[in-house]
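Novice: Given next are the chains, with one letter for each unit.
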Amino acid sequence: MMTASILFFIAIGAVSLASALGVVISRIPIHSALFLLVNFVSMAVLFITLDAQFLAAAQVIIYAGGIVILMLFVIMLIGSDEIRENAGHRVWTPYVGILLGVILLASMTFALVEAGPPPATSAVVQGGVPEAVGMTLLTRYILPFEMAGVLLLVALIGALLLARPPKQKTEN
Amino acid sequence: MVPTSFYLILAGLLFIIGTIGVLTRRSALIILMCVELMLASVNLTLVAFSRQWDNLTGQVFVFMILAVAAAEVAVGLAIIITHSRQNNTTNVDEVNLLKW
Numbered sequence: 000m001m002t003a004s005i006l007f008f009i010a011i012g013a014v015s016l017a018s019a020l021g022v023v024i025s026r027i028p029i030h031s032a033l034f035l036l037v038n039f040v041s042m043a044v045l046f047i048t049l050d051a052q053f054l055a056a057a058q059v060i061i062y063a064g065g066i067v068i069l070m071l072f073v074i075m076l077i078g079s080d081e082i083r084e085n086a087g088h089r090v091w092t093p094y095v096g097i098l099l100g101v102i103l104l105a106s107m108t109f110a111l112v113e114a115g116p117p118p119a120t121s122a123v124v125q126g127g128v129p130e131a132v133g134m135t136l137l138t139r140y141i142l143p144f145e146m147a148g149v150l151l152l153v154a155l156i157g158a159l160l161l162a163r164p165p166k167q168k169t170e171n
Numbered sequence: 000m001v002p003t004s005f006y007l008i009l010a011g012l013l014f015i016i017g018t019i020g021v022l023t024r025r026s027a028l029i030i031l032m033c034v035e036l037m038l039a040s041v042n043l044t045l046v047a048f049s050r051q052w053d054n055l056t057g058q059v060f061v062f063m064i065l066a067v068a069a070a071e072v073a074v075g076l077a078i079i080i081t082h083s084r085q086n087n088t089t090n091v092d093e094v095n096l097l098k099w
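Sequence lines, in order, name chains A and B. Quick note on numbering that gives the first Met the number 0: the first sequence kicks off at 0 and runs consecutively. Quick note on numbering that gives the first Met the number 0: the second sequence kicks off at 0 and runs consecutively.
A couple of the hints might just be wrong.
These stretches of chain A come out as covered by chain B in the derived footprint (C-beta under 8 Å, 3 or more residues) [as the list claims (entries may be wrong)]:
id : region
1  : 4-18
2  : 37-49
3  : 64-75
4  : 132-138
These are computed hints drawn from the structure, not numbers from a lab. Backbone N, C-alpha and C define an ideal beta-carbon position, used for all residues, glycine too.
Using the sequences and the hints, build the whole thing.
Specialist: Pasting the structure below:
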């Protein structure tokens with residue numbers, strides 16, 4: 000039962016996994032950021048296959064257009080010199096990290112096998128078109144929506160205050 | 000139609016890759032990127048279940064996670080800039096001001 004949609008999902012999923020591995024493995028921070036960009040775009044494609052068109056657009060605009068660009072700016076600002084991994088006193092860190100990841104994978108597999116297959120998917124009547132999401136967001140979830148705005152404002156002011164250059168340097 | 004479990008497996012694998020990245024890499028920037036990776040994989044899970052149950056609440060949740068991720072990156076990068084300005088490093092092993 001290898002329909003075209005499943006083949007497409009496998010292709011995009013492979014791109015997504017490969018770029019995620021690239022983020023973790025890559026030695027140069029710029030390459031990691033670009034792999035992250037690929038991963039976010041593939042995630043947006045997966046959102047479209049899940050009938051979430053609004054979120055796919057938001058994913059590209061916010062993650063790919065905002066967050067990754069911000070990270071690239073910071074990498075270029077503070078220099079992308081390679082950090083020496085394994086800081087001597089903690090040579091065991093990678094092994095423990097990979098071991099914990101395998102344990103997490105095993106527990107998730109166990110939970111998934113235990114739960115069994117989910118019931119059949121119901122027919123989607125409205126999907127994630129902007130009208131439907133906007134209507135839900137601005138009627139039922141108006142309070143969290145407003146709080147997200149306040150959160151972004153606070154984060155903006157906090158980031159400005161934190162990243163401000165030190166005062167004595169500007170007075171010289 | 001692709002079954003929901005496929006999306007869940009993919010999201011789980013992405014989450015694990017992000018976790019391993021957070022645990023093994025030492026650069027604060029890479030760790031921040033891996034945290035973003037984990038948040039994005041959780042988003043995929045929420046959207047998959049939103050389709051499964053034909054309920055838009057999951058997508059509203061993802062919208063909130065997008066806002067929180069943007070705020071987190073802004074503040075996190077500001078902290079990294081401030082620290083690298085003072086100590087000239089982004090290695091988390093050398094961030095030990097609160098250690099006694």
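Novice: Give a verdict on every hint.
Specialist: Here is how each hint holds up against the structure:
no. : hint    : verdict
1   : 4-18    : holds (count 6)
2   : 37-49   : holds (count 7)
3   : 64-75   : holds (count 6)
4   : 132-138 : holds (count 3)
Violated hints for the displayed structure: none, as all numbered hints are satisfied.
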